[in-house]
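Taking the hints into account, I'd like the entire structure generated from these sequences.
Each residue of the sequence shown is one higher than the last, beginning at 1075 in our numbering.
Heads up, a few of these hints could be off.
What the hints assert, rightly or not - Lysine-lysine pairs mimicking DSSO-like chemistry, simulated, CA-CA at most 30 Å apart:
1. K1171 with K1100
2. K1100 with K1136
3. K1088 with K1103
4. K1088 with K1131
5. K1166 with K1103
6. K1136 with K1171
7. K1136 with K1166
8. K1166 with K1131
9. K1166 with K1100
10. K1088 with K1171
11. K1100 with K1088
12. K1088 with K1136
13. K1171 with K1131
14. K1103 with K1131
15. K1103 with K1136
16. K1100 with K1131
17. K1166 with K1088
No lab work stands behind these hints, which were simulated from the structure alone.
Computed from a prediction, not measured in an experiment: that's the story for all the values here.
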Amino acid sequence: MEMEIGRYIGLAQKANGVIYGLDNIKSTKNEIYLLIVCDTASNNLYEEMCYISVNRKIPLHKMEYFTLDQILNTENCKAIGITNRHLAMQIKFILDKEN
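So this is what it looks like as structure tokens:
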């Protein structure tokens, strides 16, 4: 599952369809179709992502088995927003299928 999600997030990155970090997610004017938060994120960050999810009516998924750092090959990335609607739908489908 990690490789499959990683592939779709990689495609979203190449299409400039990923917003990194809570501050950027909060301030963007772009439409966000999926929020993903890492299981290692602080409770405050998770609560703020939940607030954004509810208020903007954006699906939120909390990664439980692997971190965004592993998928994105970065350090200290705890939250992303996917702005490409088709890729967000595919990622959400994969994540929902596993739960």
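Verification of the hints:
no. : hint             : result
1   : K1171 with K1100 : holds (28 Å)
2   : K1100 with K1136 : holds (18 Å)
3   : K1088 with K1103 : holds (19 Å)
4   : K1088 with K1131 : holds (25 Å)
5   : K1166 with K1103 : holds (22 Å)
6   : K1136 with K1171 : holds (14 Å)
7   : K1136 with K1166 : holds (11 Å)
8   : K1166 with K1131 : holds (14 Å)
9   : K1166 with K1100 : holds (21 Å)
10  : K1088 with K1171 : holds (25 Å)
11  : K1100 with K1088 : holds (22 Å)
12  : K1088 with K1136 : holds (23 Å)
13  : K1171 with K1131 : holds (21 Å)
14  : K1103 with K1131 : holds (15 Å)
15  : K1103 with K1136 : holds (23 Å)
16  : K1100 with K1131 : holds (14 Å)
17  : K1166 with K1088 : holds (18 Å)
In summary, the structure agrees with every hint in the numbered list given earlier.
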